[in-house]
Amino acid sequence: MKKLLLGTAALAVTASVAFAGSHSVVRMGTEGAYPPYNFINDAGQVDGFERELGDELCKRAELTCEWVTNEWDSIIPNLVSGNYDTIIAGMSITAERDEVIDFTQNYTQPDPSAYLVMAGNEGVALEGAVIAAQTNTIQASFVAEMGATLLEFASPDETIAAVRNGEADAVLADKSFLTPIADEGGDLVMLEREELIGGGVGMGLRESDGELKEKFNAAIQSMKDDGSLNTLIAKWEIGAAF
Amino acid sequence: MCTDPSQLDQFSWLACYLTTPKHMALYWSVGTVLSLLAITAPAALLFGFGGATSARSRITPLRWFGKGYIAIVRGVPDIAFFLFFVIALDQGFEWIRHQVKCPDWPDPIRQGNDFIVCAAAKMPLGTAPQWVHETYGFFLAVLTFAIVFGAFAANVLYGAMRSVPHAQLETAAAYGMTPRQTFWRILVPQMWVYALPGLGNLWMVLIKATPLLFLLGVEDIVYWARELGGAKTARFTDYPHADWRMWYFFGLLVFYLLFTRVSEVVLDRLMKRLTHGQATVGGEAQRKAA
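Keeping their order, the protein sequence lines are chains V and D.
The first sequence begins at 1 in UniProt numbering and counts up by one.
The second sequence begins at 1 in UniProt numbering and counts up by one.
For reference, chain V alone in the conformation it holds in the complex (with noise of 0.2 Å):
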């Protein structure tokens, strides 16, 4: 209550302020549960490669950074009605998204899609079979396509529950999500199977908001040509290096 009462306070003094730079603080949403893209630790953190990257980025554009955690299917409309200034939540850049958001250069491969199923049903036939995926991911859209029945999640965590309790055959996601899953040994196996699908992962953003774009687009760049985005890459285990 007191801290309420302390957030009315604030608002009535920060809001007479005026400010002169436009993004004095760059607010950088995520998901914050899809590791090892990004995910919430242990001490209620945003954290994983997304979080070290964009830290990184932002250092480099001399940029003060937040990071806010948002729903996967509200990501795209919370961005565009400014409650944040960047989607940083391992979105893969496609056309459809690109229409309604801006997207900087990729900042990891294109990563590969995989199957997970229960160990002993290795053999289903995925044509024919329910596959488990994210709501508005690439993923989806490919199994809806392939002509699977295809049984959408909000998380990418109920994905994976939905194959371990029988309500799917296999889930399909990026593989560096589902490779520390089936490393964990137990009861779910990774299929040889992979899709290429999705053009690598970039931040999103407004339309209208081009500098920050090439403050970022820059910051990336400079990533790259010095191995360190590589360096993270590889720690992180997000597919393969530039």
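Source of the hints: derived by calculation from the structure; they are not laboratory data.
Warning: the hint list may mix true and false statements.
[As the list claims (entries may be wrong)] Covered, in the sense of this in silico footprint (three residues per stretch, anywhere, with C-beta under 8 Å from a C-beta of chain V), are these stretches of chain D:
(1) 103 to 113
(2) 274 to 286
[What the hints assert, rightly or not] Selected chain V positions facing chain D (Cβ under 8 Å, derived; list incomplete):
(3) Val25
(4) Asn41
(5) Ser208
(6) Gly210
(7) Glu211
Glycine residues also receive a C-beta, built at the ideal position from the N, C-alpha and C atoms.
Starting from the known structure of chain V, arrange chain D on it as the hints suggest.
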């Protein structure tokens, strides 16, 4: 003690696990939900009272407004209202601030999909720390809940005002009370006994509607239960575990059941008290028992 959880025995492992900063966020969110209820309930009652009084006003435009409010908000599905209204409200605030603070702004506000106001008009300012954004989101949530539940409360109160025996009001007029005096001294004190069952229902529904908070970007208990309960691999946490969502949701179930049970007890007592001396079946029974 909690530095290397993999070496701990079961009990201390659980103790360490349940006190991680991430779990603290879950416990903190219980407070968020409770304070939302504590602020929303009186606010919604106020909206309801305003709606009900204007719906039975003698001034025609005000009556239209009251009736329109009740009919429209009650008719729109909650989720649609929450998704549409909060964005519209937020953009409305920013639009007004934009007109006041940046009258010389050359660019259009709507550019394709984007809604662009000048930096000084952002609500809250882009430079504000995260907790200000969270507090602002919380207040948007309170306002939206108050408007939605206020419409239902208005309908309940409107009905309750009409249930007060008409003879009471006529007697007041015969004693020479003005309409205003009749309203505040005769109608309002007597209407609560008719309103309470409906309002009690609304309160129960409001308790259970709090998970809608997550739609508004407020991290509530359901969000944290889902996030904490999901299966965790050892690479990304010190406390790997399988899918425990069932247990977390079971915890939520117990929490909500206890909460609604306590509410029922309190509402029952309140009803007994309000019935006292009223010309209703319950009031008559109390009189005979005494």
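ask   = What hints, given by number in increasing order, does this structure fail?
value = 2, 6, 7
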